[in-house]
Structure formats: structure tokens, C-alpha cells
Amino acid sequence: MRRNNLLVLDQVNAGYGGLQVLHEVSLEVEAGEVVALVGANGAGKTTTLRTIAGLLVPSAGRIELEGESVVGLGPHDLVRRGVVMVAEDRELFGALTVYENLVMGAFTRSADERGESLDQVHELFPILEERAQQKAETMSGGQQQMLAIGRALMARPRLLLMDEPSMGLAPKLVADVFATIDRIRSTGITVLLVEQNAKRTLETADRGYVIESGEIHLSGTGDELLASDDVRRAYLGL
Amino acid sequence: MSLLEVTHLSKSFSGLRAVDDVDFQVEAGEIVGLIGPNGAGKTTLFNLVAGRIPVDTGRVVFDGEDITGWTPHAIARRGIGRTFQLMRPFASMTVRDNVTVAAASSSPRLETARELADAVLDRVALAGMADEFAGALPTAARKRLELARALALDPQLLLLDEVLSGLTPAEREPLLELLVEIADEGRALLLVEHVMAAVMRLSQRILVLHHGQLLAAGTPDEVTSDPDVIEAYLGEEEQLAGS
Amino acid sequence: MSTVLRDARGQLLVLAGLAALLATVPFWLEGSARTVMIRIIISAGVGVGWNVMGGFAGQFSFGHAAYFGIGAYSSAYLLVDHGISPWIGMAVGAVLAAAFGALTGWLSFRYRLRGAYFALATFAFAEMLRLVVQGQEWLNGTQGLQVPVLAESSWWMLQFSTTSPNYFLVGLGLLVVLQAITILLFHGRRGMFIVAVREDEEGAEASGVDATAHKVMAVAVSGAMTAVMGTFFVQVFFFIDPALAFGPAESVAILLPAVVGGTGTLWGPIVGAAILIPLGEWTSKIVRDPPPFLDFVAGRSGIDLMVFATLLILILLFLPKGVYGSLAERFRR
Amino acid sequence: MSDAGASSRTGRLQTRLHVPRWVWGVVLALVVLLWRWTEVSDLAVTPAGRTIALQALTTGLLIGGVYGLVAMGLSLIFGVLEIINFAHGAFLTLAMYLTWVLADGVGIDPYLTLLITPLLMFLVGAAVQKVVINPAMGQPLENQLLLTFALSILIENALLLAFSANPRSVRLDYANASIGPVEFPLRIGGAIIELPRIVAFVGGLAVAWALFSFLNRSRVGTAIRAAGLNRTGASLVGVNVDRIQVLTFGLGTAVAAAAGVLVLPFLTLEPTTGTQFNILSFVIVVLGGLGNIGGALVGGILIGLTQEIGGLLFPGQSKLLPVFIIFIATLFLKPEGLFGGGAE
Amino acid sequence: GGDEADPEEATEDGAATETSTEAPTEEATETAAASPTEAGTASGEGCAELVIGSVHPLTGGLALDGTQMDAATQMAADDLSTDGLSITIASADSQGEPEIGQTEAQRLIQEGANALVGTYQSAVTTNLATVAQREQVPLVIDVAVDDAITSEDNDYVFRIQPNATAMGTFGAQYLQALGENAGEPIETVVYMHDETSFGTSVLAAFEAEAGNVGIEILETIAYNPFEVQDVTTEMQRVAAAAPDALVVTGYYNDGVLVAETAASVQPDVNAIVGVAQGAYDLPQFPQDTPDASNGIFDSNYHFDATKERVQDIRSRFEEENGDAMRTAAVLAYQAVEVIATAARSAASCDGADIAAAIQEVEVPEPLLTFPGPITFDDSGENENAQPVLMQVQEGEVLQVYPEEFAEAEPQFPAVPWQ
Ligand SMILES: Nc1ncnc2c1ncn2[C@@H]1O[C@H](COP(=O)(O)OP(=O)(O)OP(=O)(O)O)[C@@H](O)[C@H]1O
Ligand SMILES: Nc1ncnc2c1ncn2[C@@H]1O[C@H](COP(=O)(O)OP(=O)(O)OP(=O)(O)O)[C@@H](O)[C@H]1O
Ligand SMILES: [Mg+2]
Ligand SMILES: [Mg+2]
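For the record, the sequence lines run as chains Y, W, X, G and V. For the first sequence, my numbering assigns the number 2 to the initial residue and increments by one for each residue that follows. For the second sequence, my numbering assigns the number 60 to the initial residue and increments by one for each residue that follows. For the third sequence, my numbering assigns the number 135 to the initial residue and increments by one for each residue that follows. For the fourth sequence, my numbering assigns the number 4 to the initial residue and increments by one for each residue that follows. For the fifth sequence, my numbering assigns the number 17 to the initial residue and increments by one for each residue that follows.
No lab work stands behind these hints: they were computed from the structure. Heads up, a few of these hints could be off.
Under 10 Å between C-beta atoms, here's a sample of chain G residues computed to sit facing chain Y [unchecked claim]:
#1 R15
#2 Q17
#3 V109
#4 G110
#5 I111
#6 S221
#7 R222
#8 T225
#9 A229
#10 R234
#11 G236
#12 A237
#13 S238
#14 V240
#15 G241
#16 N243
Values in this document were obtained by computation on a predicted structure and should not be read as measured data. Glycine included, C-beta positions come from ideal geometry on N, C-alpha and C.
All chains, full assembly: derive it from the sequences and hints.
Okay, here's the thing in C-alpha cells:
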């Protein structure tokens with residue numbers, strides 16, 4: 002195990018009620034990396050992220066953040082430790098304004114930090130400043146996605162978990178999202194990215210894991226995976 | 060006369076024109092693809108045809124009968140089956156019963172309906188899971204259950220909303236064959252799909268929706284080479300990947 | 135929640151066997167214990183009625199007293215004021231309750247009332263009926279109606295001597311009929327549609343099922359079934375008034391057996407009633423006559439209800455799917 | 004997004020007091036009805052009739068403020084925990100007994116117990132949530148309803164055991180005193196306003212205001228609002244939702260307790276006293292929109308007015324009848340309540 | 017709460033009394049089937065062990081009176097167990113629910129009760145009346161006002177207290193007499209009452225009699241006694257109608273509310289008069305509302321405060337139970353006495369025999385303010401049942417009319433705010 006691993010999952014089992022979804026999932030994320038997790042619908046990508054974020058409690062296995070076990074911590078604890086998730090269905094506060102959503106995002110931060118982050122987020126997504134007083138639920142899908150990412154950034158994450166940030170977006174917006182991920186990486190934030198758009202994702206990521214029926218099937222650098230026959234056949238439809 | 064004739068169909072949601080003056084036809088036995096960017100109005104169009112939401116203006120004529128304003132269940136029984144983008148199984152019922160419901164809605168005898176349901180399950184390769192609870196099915200099986208339920212209505216027209224998405228190419232293949240087979244029986248298919256490879260292979264015609272309006276219509280090749288479509292939907296890369 | 139049921143014949147056989155067994159009860163059980171049995175039957179009956187709507191159809195009713203009251207008042211009024219047999223009153227009550235259920239149900243569904251809103255709407259309807267009935271002179275207002283005692287036993291007037299086993303048998307017969315209706319309904323096409331609508335309304339519509347019609351039907355059937363027990367209640371207890379018939383306490387009493395037994399399960403309400411009523415009896419007995427180590431509770435009014443409430447809380451917390459529902463689930467695994 | 008309805012559960016908690024303009028229309032309609040009464044009733048042409056009308060308005064307003072306060076607690080709990088708390092009234096009674104003990108036994112001025120009783124009841128509510136309600140979160144509505152119903156039986160009978168059914172009351176020595184030039188009970192145009200009722204109303208508004216400020220300005224309030232809008236969303240920004248739920252139940256109970264303290268000086272107390280607020284609170288909470296705190300307050304006042312004015316117009320009928328008529332009309336015309344934000 | 021006297025002590029030989037001690041399980045029924053015979057076969061050979069079932073609301077909103085009444089039956093049983101007659105009370109909680117009341121009554125009978133006493137509420141009592149008739153066991157009603165409970169067809173139900181009709185009728189008469197004796201006739205009233213069967217039936221009787229005695233009811237105002245929180249508007253209507261008197265029927269809490277509101281609004285009336293009002297005759301009332309109670313009248317059934325025996329019973333009761341004995345409890349005591357007297361004269365513990373004996377019984381020196389002995393007419397009503405007019409005078413409830421029961425002169429006109 003390498004020293005500077007930010008996150009380590011070791012033989013993690015997890016699921017819903019009686020249904021076990023993850024089977025002995027192991028993966029590592031180094032600080033500063035963008036790591037991709039790809040796989041088919043229902044493979045367990047979201048489940049993996051939810052488990053890391055503390056929304057699900059693993060039934061077996063270890064999850065360590067900087068060498069410290071975080072199993073059993075709630076999502077709020079993990080947010081305080083810098084693990085923040087952009088959820089698949091965004092989980093925005095629909096009835097609140099864009100501004101209020103962003104402020105909520107900095108719930109665990111001081112007022113000073115909040116102002117700073119707000120400026121950064123506005124710089125990243127100018128539309129969020131323009132539409133500060135619009136209700137979140139009336140924003141278009143793409144705008145909502147930006148808001149979700151912006152809200153997560155407000156918590157000043159060290160590790161950002163992103164679940165299908167390009168989902169529901171037109172091809173052009175998809176390009177924007179991937180550009181954003183690049184920029185986030187450049188600010189020093191580590192990203193664990195889940196995407197169905199395997200090609201794009203693997204191109205963007207430093208490393209990747211392929212998950213199938215709740216088991217890690219393959220891993221390697223983005224390019225290695227892109228070159229793998231298995232991946233090409235199963236996930237890229239080539 | 061076409062099986063389905065949609066004329067001047069429009070629908071707005073508090074000012075947003077989700078479907079805007081759309082005209083098209085579907086012939087019996089035809090497979091028609093419906094593509095377009097997210098939010099283009101594809102699902103809304105399905106919902107209008109299936110009677111799930113009331114139309115603002117325009118008409119839907121099916122098999123010579125004006126079905127505009129009909130309730131969804133009446134339309135279903137009249138011969139239009141549909142699947143949902145977000146699947147809606149009867150979670151605490153068994154797979155067989157899920158399908159039996161649809162079969163029984165137009166057959167007064169439950170036994171006949173059960174037999175029909177079993178036959179359909181056989182076709183979609185779910186027979187082995189017939190006694191499991193629908194809520195416990197994996198995604199791929201759920202997609203097939205959606206299809207089975209629609210098929211059990213013995214429909215003349217099937218509205219399929221992304222039945223292939225989320226399936227691996229290996230899983231897709233048998234389903235594609237099944238769809239072709241279904242069309243060969245004389246049923247028409249109207250399918251919304253983002254998996255361009257599949258759409259291209261299956262469809263005889265493709266309709267492209269953009270901002271609620273019909274942007275283009277034609278054979279797969281015509282459509283995919285249309286610069287407007289590339290601009291609005293496919294993007295340069297997708298076009299390559301698709302072909 | 136149950137799945138759609140299989141094997142109607144098997145369930146009917148179970149019911150028949152159970153009925154045959156219970157039919158012997160009055161021959162070895164007498165007096166107040168028999169009254170307790172009758173209360174179990176009434177509680178089970180209303181629970182079975184509630185379950186059709188609240189369990190199988192998934193429409194949570196918090197105002198089932200409305201139907202109970204309609205059944206009770208219809209027969210009581212016809213009997214007291216016009217001397218009409220309670221059997222006819224029972225039929226009239228069932229029809230009126232079904233009509234009331236269909237009307238209010240249709241309105242509620244039309245306006246898309248769901249969940250807590252639907253529950254509170256049903257509650258409001260029951261309260262409305264209570265307030266309206268208590269303002270009616272011809273229904274004797276708040277004073278209620280009292281069934282005259284006949285000198286002779288009479289099947290036609292549904293009145294027997296206290297020692298007669300007939301009350302119990304009639305109640306049992308009614309319960310068996312209600313349960314048989316439930317079994318047949320939910321083994322059939324209609325019942326399957328009702329459950330499908332509960333599971334996913336839009337999915338059901340797309341499968342050709344008229345969701346609103348089936349919801350309304352479930353409410354009407356449920357209302358009629360509950361009304362039948364309302365009539366029986368009046369015949370056994372000889373008295374009804376607006377609070378008793380339509381009050382919130384009755385609404386709670388009706389949903390108790392189903393929830394404790396297991397909503398949406400065939401036998402849940404009956405099991406629930408068979409637990410709750412004796413439980414209530416047992417707790418009051420404990421206080422009346424405590425075992426030596428509990429001497430201090432003797433005669434302390436209220437303790438029995440506290441014990442009852444505590445047990446109820448424990449059941450709800452540890453068997454959230456109801457006693458029967460949880461057991462059935464364990465067996466299925 | 005037409006398919007999105009089922010996926011993410013968006014909560015209902017609304018913590019702004021935003022009175023839709025047409026509510027004033029309802030108020031106006033009530034006033035017009037009242038005026039109409041003064042025209043049709045033979046009494047009403049006399050000055051005495053005007054006094055009665057004025058009295059009905061004042062009384063409705065004053066008592067409505069208290070209803071609103073009780074309902075706010077219920078609505079808050081619903082907004083965050085999504086349970087219909089049948090035991091709300093029982094908690095209210097418990098609070099009243101606490102105050103009675105403090106006032107009658109210890110000799111503290113009843114209004115001073117506003118500093119004690121709600122605090123204690125907050126702890127009680129929080130404990131109850133943790134032990135009894137929390138394990139049932141996510142269970143179906145009927146289970147939770149019965150659970151809280153059982154709780155109310157438990158509380159009522161515990162009170163019976165502890166205090167017997169003997170009616171208790173707490174009365175202010177200074178209820179009829181004069182404060183400066185103002186003499187109580189107050190007389191305005193013939194209408195009588197007793198001191199404790201004014202205090203209850205003003206106190207109710209003050210508590211409501213405090214609650215609003217707390218929810219909208221404080222950090223914990225922010226967390227409560229977040230949890231009430233989207234539980235998962237809240238946990239993802241770092242809110243400890245479990246703790247917030249405990250806190251909210253305690254807070255809702257404390258609000259009921261404050262109402263209990265405020266009404267004690269003019270009601271007679273028995274173990275079942277609080278239950279009478281239950282049904283009205285349900286009505287009000289629906290009227291104001293489940294989870295809409297401001298709606299509950301305004302709904303309470305509207306119901307108070309409806310009761311009084313309805314009582315004038317239909318003297319033979321129960322005062323609850325017009326209330327239920329309004330209730331059902333609202334359910335059908337606006338299923339999300341009078342204040343239910345518009346879009347579905 | 018009122019803790020009953022220890023039941024164990026009351027029994028000389030515990031066998032027939034608390035049957036359940038020997039049958040703690042659900043098998044109670046079988047043992048019970050045997051026990052009544054042991055107790056009841058005494059027919060014709062005198063009655064040695066009389067078991068009286070006491071059914072009252074021991075929980076819920078009416079528990080205060082219920083528990084007092086239950087304790088009073090126990091006390092009566094202890095007092096009256098003499099000369100070879102041992103009386104045992106088997107008590108049950110009706111929870112205020114008719115069907116529970118009925119089940120409990122049946123259980124008591126089955127476990128050997130030879131007679132029933134109860135139940136405070138008309139709805140529950142109506143139910144018990146049917147049980148009594150069908151099981152052929154006498155029911156002596158201590159408190160329950162509804163006329164319809166007794167009837168000529170039912171030979172097993174007897175009532176000691178004045179029924180609703182008597183309450184309303186006497187109420188009107190007393191009112192008239194009150195005004196006339198003071199030379200300031202009461203010609204108009206406004207009637208405020210609870211909307212339950214209690215209030216409506218008393219009002220009906222009052223209305224019927226009012227015409228006969230020249231009283232006009234200007235307005236009637238109904239309210240829900242369990243939900244009412246404010247009657248200021250109603251009181252303004254009283255003020256606007258300006259009647260000679262305000263008449264009130266209802267329960268405790270609402271009665272207090274009416275009195276306090278009257279004191280605030282101060283309508284121009286000469287008196288506030290309760291008719292069967294549940295608060296105004298209680299000593300607690302002036303204590304709870306010192307500023308709003310003085311001068312208020314109540315025409316109600318009442319223990320006869322002028323009798324020594326009553327004083328003795330009440331003081332012993334208070335000693336044992338802590339609370340002042342209310343009239344309802346005195347009535348429960350009286351009901352046990354009626355049954356005991358009848359059982360002695362029937363020389364039988366058989367229910368039917370006792371019922372027949374009650375029909376003929378004459379209980380002299382009633383504990384209440386009745387003008388003669390307790391005797392029952394064909395429908396089972398006490399022929400001498402009569403309320404008495406009381407008034408709060410200087411913080412005390414005193415009997416003021418008719419003269420033979422008067423502890424003090426009525427003060428009229430009188431309202432609390434003067
Ligand atoms: N709340 C839940 N309860 C029960 N099963 C669930 C739940 N959520 C997901 N599942 C099941 O767990 C499995 C993995 O789901 P998961 O959401 O992790 O997949 P995914 O890889 O994120 O797929 P997608 O691409 O659809 O988002 C699926 O079979 C799914 O049906
Ligand atoms: N019920 C509704 N209320 C308001 N707006 C709606 C509603 N349903 C759909 N819309 C809007 O109508 C537009 C068309 O939506 P629709 O679901 O038809 O898109 P789609 O083409 O199916 O997209 P996707 O590929 O993402 O499924 C979107 O902008 C959507 O937000
Ligand atoms: Mg996912
Ligand atoms: Mg769509």
C-alpha cells in the first residue's frame with residue numbers, strides 16, 4: 002500500500018437490506034488524482050460512492066481515509082473530513098435559491114471560508130452568480146448539475162466524489178463538465194468519478210477501475226483501460 | 060392510412076414548449092427511432108401519445124381512431140404499449156404477475172392471462188425469473204420486464220423509452236433481435252434511444268427532436284449526416300462512434 | 135405488503151377449517167369470555183374491511199369510522215324508527231357506505247390527494263358525518279339510538295337471548311363472508327389490478343388498468359364491509375351514538391388490528407384482532423387482580439392502558455410489518 | 004422532468020412567512036360574512052349586535068393565535084420527520100401539568116415558567132424521538148400514526164395516575180388588575196379582552212417570531228431547514244440528519260409546551276385537555292400546508308376566526324362544522340394547503 | 017387518585033368474591049361458571065354473600081368521578097355488611113366506552129355479581145340496562161340522566177337520581193320560585209348548554225316546563241364541552257339579549273369557563289343558574305374561581321348536607337380517599353344501599369328476586385335531598401327524586417331551596433361581580 006493514498010477501500014461488501022450489491026470491492030485513490038469508476042447500469046458504481054460517502058454502511062471490509070478507518074461515520078462526519086459527494090440525482094434543495102443552496106453547501110465552514118469559496122465557485126460557474134436568486138428547481142438540468150458541483154465545492158472537499166455528472170446533459174454540456182473536472186483537478190482536489198460515458202471518462206482520468214456486478218473487474222491507467230479489448234467490447238460498444 | 064398519425068401536437072409546461080407543433084406518422088410494422096438531446100421532448104411526446112398528460116393542441120389518431128384525450132389505460136387497451144424511461148415495476152408482485160396484470164387487462168379470464176404472460180416471459184427470456192419479486196430484479200432484467208409488460212397487451216404499436224440504455228453490448232444483442240422479431244409480426248415500434256449504434260441498425264426511419272420541434276426526419280444515414288443534427292445532438296465524436 | 139395471492143382454494147379451505155373450529159366456541163365458552171370473542175370478531179371484521187382499502191389498495195384511511203357509522207346508523211334507524219329488520223338495514227348500510235366511499239374516494243383521487251393528505255381527508259369526512267349526524271333530530275341527535283329489546287329471540291330481527299350462541303355464530307358467519315370476499319377478490323383479476331395500482335399507478339395505467347376506477351372500487355368494497363360490522367355492532371351492543379359511531383376513537387380502533395396484524399396481508403387483521411382484544415382484557419385484568427409481585431398496581435386506574443400502550447409500541451417497533459406480516463415474511467425466506 | 008417525480012424526495016418544510024395575497028381575501032370574506040350577520044340577525048342592528056360581531060372577531064383572532072402556535076409545532080415535526088404526531092396534544096397536556104406543578108406547587112408565576120417548561124419539554128420530546136420515533140422512521144404512515152397514538156395513551160394515563168382526573172387550574176392574581184391607565188379586562192367598543200388571552204396571543208406571536216428567526220437565521224435552524232427540504236442533500240452538505248430529527252421533535256414539542264403555558268391561565272386542566280387541540284391542529288396544518296410553519300400560524304388564526312364567525316352564522320350547529328367545511332374545501336381546491344407553493 | 021379499601025379485608029371467606037384469584041389465566045371462565053352458583057344458590061334461604069358489580073369510568077376524562085364512585089361503593093359495602101349479610105364489590109372500568117362497559121358487566125355477572133351499580137355516563141348505562149334485563153340482574157343507576165334508559169318494559173333497571181326530565185322540570189320550577197319569592201320574577205332567560213345528549217335532554221325538559229311557569233327562553237346557545245376554549249362571544253350574545261337570568265347546563269370545565277367569562281363580560285342579568293350543572297354544586301368550584309362564583313345557583317341532585325349520616329359518610333370518605341366526596345359518589349353509596357336493603361327483604365341473592373324486591377323496596381332517610389323515601393315506579397324511576405337549589409355563598413356551596421333542605425336563604429338578585 003502506498004504512503005500517500007488518500008482513500009483505500011479493502012474488500013468492501015455493501016448493499017441494501019438483504020441485497021448485497023458490492024462484493025469485496027478494493028480500490029485506492031491517491032491525493033491529486035482523478036480516478037474513474039466505470040461500469041454498466043446497476044454494476045454498483047453509485048453504491049460504491051454512497052458507501053464511501055457514509056450513506057451506506059459496509060457489511061464487511063475496510064475503508065480508510067489517510068490511513069484512518071472511516072467505517073461507521075455518517076455522511077456529515079465525512080463532509081467535515083473533506084469527502085464530499087455530488088450525488089447522481091443531485092439532491093439539491095429545490096425550494097431554495099441558487100445562492101442559498103451554495104451557502105448550505107458551506108454548512109461545515111466558517112463565514113470567511115464561505116465567502117472565499119463562493120467567489121471561486123462563481124468564477125468557475127458564472128451562471129450561478131447570474132442566477133443567484135433563482136429557485137434551484139426551476140434551473141435547467143445542466144444548470145442544476147453545475148449547482149450540484151458548486152455546492153459540493155463550497156464544502157472545500159479534499160476528495161470529491163462525482164456520480165455521473167454528465168448524466169442528463171446535452172453533448173456540448175458534457176464537454177463543459179469534463180473541462181470543469183480538469184479545472185477542479187488543477188486546484189488540487191482529488192476526484193473519484195463515476196461515469197457511464199466510459200470513453201470520455203477514461204480519457205480524462207489518471208487511472209480507472211472497471212466494476213461489473215459489484216466486483217472490480219479491471220484496473221489500470223486510463224489509457225491502458227481504453228486499449229483493453231474487454232473494455233472496448235463491453236463498455237465502448239466497439 | 061398510417062397506424063399512428065400525429066398532427067400539430069403541442070405541449071407547454073408553464074411557458075416552456077416541451078413539444079412544439081410536431082407532425083409524424085408511423086406505419087404498421089415499421090421501426091422508427093426518435094432521438095434528440097436531453098430535454099428535447101421525447102419522453103413528453105411519448106406521454107402525449109400514451110395519454111399520460113393531456114395535449115394542449117393537436118391530434119393523435121391511432122388505427123383510424125382519434126385517441127386524443129383518452130385515458131392511458133384506454134389507450135393501452137386500444138393497442139399502444141409503452142415502457143418507462145425510469146422503470147415502474149410492481150415491486151412486491153412476482154415477475155409473472157407483473158406481466159399478468161397487463162395480459163388480464165384485456166382478457167376477462169385470469170387463467171388465459173397467466174398463460175399469455177408465461178408465453179411472453181418466455182420470449183423475453185425471463186421465464187426463469189417468473190416467480191421472483193419484480194423489485195429484486197437487476198436493471199437488465201427490469202428493462203426486459205418493462206418490455207414484457209408492454210408486449211402482454213398484444214399491442215399494434217410499442218413506445219419504447221430507452222429500453223437498451225444501461226445494457227452491455229452483450230446484453231443488447233438478443234434484445235435487438237427480439238425487437239426485430241416483434242416488428243416482423245406486424246407491430247410498429249417507436250423507440251427513443253441514445254445508443255446510436257442500435258438506433259441506426261434497427262430503425263427504418265429516424266425522427267430528430269430538438270427544443271420540442273421536429274428538426275429532421277429520414278433514413279438513418281440521411282439523419283446522421285445532417286449538419287443540424289450533428290450540431291444539436293450528436294457532436295463530432297458521437298457521430299464517429301455511432302457509425 | 136403482500137404479493138398477489140395464489141391458491142384461492144387453499145385459503146378458502148383454511149378459512150373453512152378455522153370457521154368450523156371457531157363455530158364450536160360458544161359450546162364451551164360462555165358469558166363475558168364469549169363477549170370478548172364477539173369483540174374480537176367485530177374488530178377482525180372491521181380490520182378486514184379496512185385492509186382492503188388501507189392494505190391491499192394502499193390508500194391509508196384514517197376515517198373508517200365513517201363507514202362503520204353509516205352501517206350502524208342505517209340499520210339502527212330503520213329498526214328503531216320503522217321496525218325494519220337489521221338484515222335489511224345491513225344491506226342498506228353496506229350500499230350507502232359503498233356509495234359514500236365511492237363518492238368521497240372519487241373526489242379525493244380526482245384531486246390527487248395522497249399520503250398524509252389523503253389520510254387526513256378521510257379523517258375529515260368521518261368528522262363531518264359525526265357533526266352532521268349529531269345535528270339531526272330524526273337520528274336523535276347526540277343522544278343516539280337504542281335498539282329495543284325483544285321478548286323473544288328472532289333470527290329475522292337478529293336478536294337472541296344472552297345465553298344463545300347465535301350472536302357469536304352470526305358474527306363469525308359475517309366475518310367468514312367478509313374474509314371469503316377478500317380472498318376471492320385478491321385472488322382474482324380485479325384484486326390483482328388493485329394491488330398493481332398500489333404498487334405503481336402509472337405502470338398499471340400503461341398496462342391497461344383503470345387506476346382510479348380500481349381505487350374507487352377498493353374504497354367502496356372496503357366501506358361496505360366495514361358497514362356490515364357496524365350493523366352487527368349495534369345489534370350486539372344495542373346502542374349507537376354519533377361519537378361512538380363516527381368518532382376518531384373508532385377510526386383508530388378500526389385500523390389497529392390491521393396494522394398490528396400486518397397491513398395488506400390476508401390474515402393480518404384477524405391475527406391482529408385476536409391479539410389486541412385479549413391483550414386489552416389481559417392488561418385490565420392484571421390491574422384488577424395483580425399477581426403478588428405486582429401488588430402495587432392493584433386498582434390503579436390507567437395502568438392497564440399504559441401497559442397496553444407500551445405493548446403496542448413494542449409490537450410496532452419490533453414487528454413493523456405486523457405480527458402476521460413479519461412471520462409470513464420470515465417463512466417465505 | 005416528467006419522469007423525475009419519484010426519484011428524489013423533496014421535503015416540504017417551509018419556514019418563511021409569506022402570506023399569499025388571497026388569504027387576505029379569505030379574511031375579507033369572513034369579515035363580510037360577519038357584516039352580513041349584523042344585517043340579517045335581528046340583534047345585529049342594535050349596537051349590541053356590533054359588539055357581538057367585534058367580539059367574535061377579537062376572540063377568533065386571539066384564540067386563533069394559540070391554535071396557530073400549537074399547529075406550528077406539529078407542522079415543524081411533519082416538515083422534517085414526515086410523521087403525523089398524534090401525541091402532540093398529549094405533550095401539550097404534559098407541559099401544562101408541569102407548569103401547574105411549578106405555579107401551584109412551587110409558586111412560580113405561570114408566565115415565568117415559559118423559561119422552564121418548554122426547555123424541559125424539549126428534552127422530553129428529544130428523548131421520545133430518540134427512543135421511540137427514530138426506530139420507526141421510514142415506516143409507513145399508519146405505523147407512525149399508531150405509534151404516536153400509543154404514546155398519547157401512555158402520557159395521558161401516566162398523568163391520570165400521577166395527578167388524578169381532578170381538574171386543576173392556574174389563575175393569575177393580576178388578571179383583573181389595571182396596568183397604568185389600562186384596565187383589565189380590556190373593553191374595546193364593548194368587546195371584552197381578558198389579560199391572559201392577550202398574553203397568549205402576543206406570547207404566541209412572540210414564540211412564533213422566535214421560531215422563525217431561529218429557523219431562518221441560526222446555524223441549527225439552517226440545518227433543520229436543510230433536513231426538512233432534502234434529507235440526503237442535507238447530509239451531503241454536512242448536516243447530521245439524525246441529530247436534527249431529534250432536535251426538531253424536541254423543538255416541536257417545546258413549541259407545544261409554550262402554547263400549553265400560555266393557555267393554562269384560562270383553561271381548566273385535566274389529563275385529556277391537550278387532545279382537544281389535536282384535531283384542530285391537524286386541520287390547521289393541512290390548511291397551512293403540511294410542513295409550512297408560517298402557513299400553520301396564519302391557518303390557525305383563520306380557523307379561530309372561522310370558528311367564531313361560523314358560530315354566529317349557524318348558532319345551532321357545532322362550531323367545528325364550518326371548520327371542517329373549510330378544511331375539505333381546501334383539500335379539494337388546493338391539495339397542498341392554502342400555502343402550498345403553487346407547482347406540484 | 018382514590019385508592020379503594022383493600023378488597024381482601026372485606027371478605028370473611030374469600031372463595032366467592034374475587035374469583036379470579038384462583039383462576040388467573042384465561043380459564044377464568046370455567047371456574048367462573050361454577051362460582052356464581054355458590055354465591056347465588058342462597059335463593060329462598062336468605063342472602064349471605066351479596067356480590068355487587070360496580071362499573072364506572074376509572075380511566076379517561078371522567079375518571080375523577082368514576083374512581084370516587086367506585087370507592088364509595090366499596091365503602092358502602094363495608095358499612096352495610098352486617099347481620100349476616102356480607103357485601104362484596106367487584107369493580108370494573110368501563111373506560112367510558114359502551115362496548116367495554118357491556119363486556120365488563122357481563123364478566124362481573126358471570127363471575128358472580130348479583131346486581132350492578134353504575135355507570136355515570138348515559139351511553140354506557142344504556143348498554144348496561146340491556147345487559148341487566150337480559151341477564152336478569154338488577155342495575156341500580158347511580159348517575160346517568162338520560163330518560164330513555166329506564167322503561168316499563170325493563171324490570172331490572174332502577175334509577176335513584178332525578179332523570180333529565182325531572183332535572184329540567186324542577187329547574188324551571190325552582191327558577192320561577194326563586195324570582196317570585198324575592199319579588200323580582202324571572203320572566204326571560206338565555207340557556208347555554210353543552211351539545212351532548214346530557215345538555216340537550218335537560219334543555220328539552222326545561223323548555224317544556226318553562227311555558228307552564230311563565231318563563232320565556234330568549235335564546236339557546238350550544239357548545240361542545242370537550243373542545244370549548246372560549247365563550248366570550250356567546251356571553252356577548254347573552255349580554256345583548258339581557259335576560260333576567262342566564263341558565264347553564266354542562267360539565268365542570270365548561271361550567272368554569274362560562275362563569276369566568278360571565279364575570280368578565282358582566283351581562284345585565286339577575287342571576288346565573290345552573291340546571292344540573294356539573295361544576296356549580298361542587299365545593300371545588302368556588303375554590304377554583306373565587307372571583308367568578310359567588311352567587312351562582314345550581315339546581316342539581318345533591319347529598320343532603322343537613323343530615324348527620326351524610327356528614328359522617330362524607331367525612332369518613334374524605335379521610336380515606338383524600339378528596340371531598342362528591343354527590344355522584346354519594347349516589348353510588350346509596351345505590352349499594354338500595355340493593356342491600358332489597359336483598360335483605362328478598363332473603364335471596366338471586367338477581368331476579370332482588371330486582372323484584374327493589375321494585376317494592378322503601379329506603380327511608382335517603383342520603384340525597386329527596387322529600388321522601390326511595391321508592392320506584394313502574395319504569396324504575398325513584399318517585400321522590402328531586403334536585404335541590406344551591407348557591408355559592410361566600411365561597412361555599414349551600415342548599416337554599418326548597419326550604420326543608422335549606423342551609424341558608426337564597427340571595428337574589430345576585431351575580432359574582434357585585
Ligand atoms: N435503494 C436501493 N435498494 C435496493 N437495491 C438498490 C438500491 N439502489 C440500488 N440498488 C440495486 O443495487 C444494484 C447496483 O446499483 P447502483 O445504483 O450502485 O448501480 P450503478 O452502477 O450506479 O448503476 P447506474 O448506472 O444505473 O447508476 C442494482 O442492481 C440496483 O438495482
Ligand atoms: N411535468 C413537467 N413539468 C414541467 N416541465 C416538464 C415536465 N415534463 C417535462 N418537462 C420539461 O419538458 C422538456 C422535455 O422533457 P422530456 O422529458 O420530454 O425530455 P426528453 O427528450 O425525454 O429527455 P431525456 O433524453 O433526458 O429523457 C424538459 O425541459 C423538461 O424539463
Ligand atoms: Mg449510479
Ligand atoms: Mg426522456
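Going through the hints against the structure:
With a least beta-carbon distance of about 9 Å to chain Y, the hint placing R15(G) at the interface is held under the 10 Å criterion. Hint status for Q17(G): holds, given a least beta-carbon distance of 7 Å to chain Y, under 10 Å. With its C-beta approaching chain Y no nearer than about 40 Å, V109(G) sits outside the 10 Å limit, and its interface hint is violated. Checking G110(G) against chain Y by beta carbon gives a least distance of about 45 Å; that is not within 10 Å, so the hint is violated.
The closest approach between the C-beta of I111(G) and any C-beta of chain Y is roughly 39 Å, which is over the 10 Å cut-off, so the hint fails. The closest approach between the C-beta of S221(G) and any C-beta of chain Y is roughly 12 Å, which is over the 10 Å cut-off, so the hint fails. The criterion of a C-beta within 10 Å of any C-beta in chain Y is met by R222(G), whose closest approach is roughly 8 Å, and the hint holds. Interface restraint check for T225(G): the shortest CB-CB distance to chain Y comes to about 7 Å, inside 10 Å, so the restraint holds.
At its closest, the beta carbon of A229(G) sits 5 Å from a beta carbon of chain Y; the interface hint therefore holds under the 10 Å criterion. The beta carbon of R234(G) is positioned within 10 Å of a beta carbon in chain Y (closest approach about 9 Å), and the interface hint is therefore held. Here the hint on G236(G) is kept, as its CB sits about 4 Å from the closest CB of chain Y, short of 10 Å. Annotation: interface hint on A237(G) holds; nearest CB of chain Y at approximately 8 Å, less than 10 Å.
The criterion of a C-beta within 10 Å of any C-beta in chain Y is met by S238(G), whose closest approach is roughly 4 Å, and the hint holds. This hint holds: V240(G) has a C-beta 5 Å from the nearest C-beta of chain Y, less than the 10 Å allowed. Given hint, G241(G) at the interface with chain Y, holds; its Cβ is 4 Å from that chain's nearest Cβ, closer than 10 Å. A cut of 10 Å between beta carbons decides the hint on N243(G): the least distance to chain Y is about 4 Å, and the hint holds.
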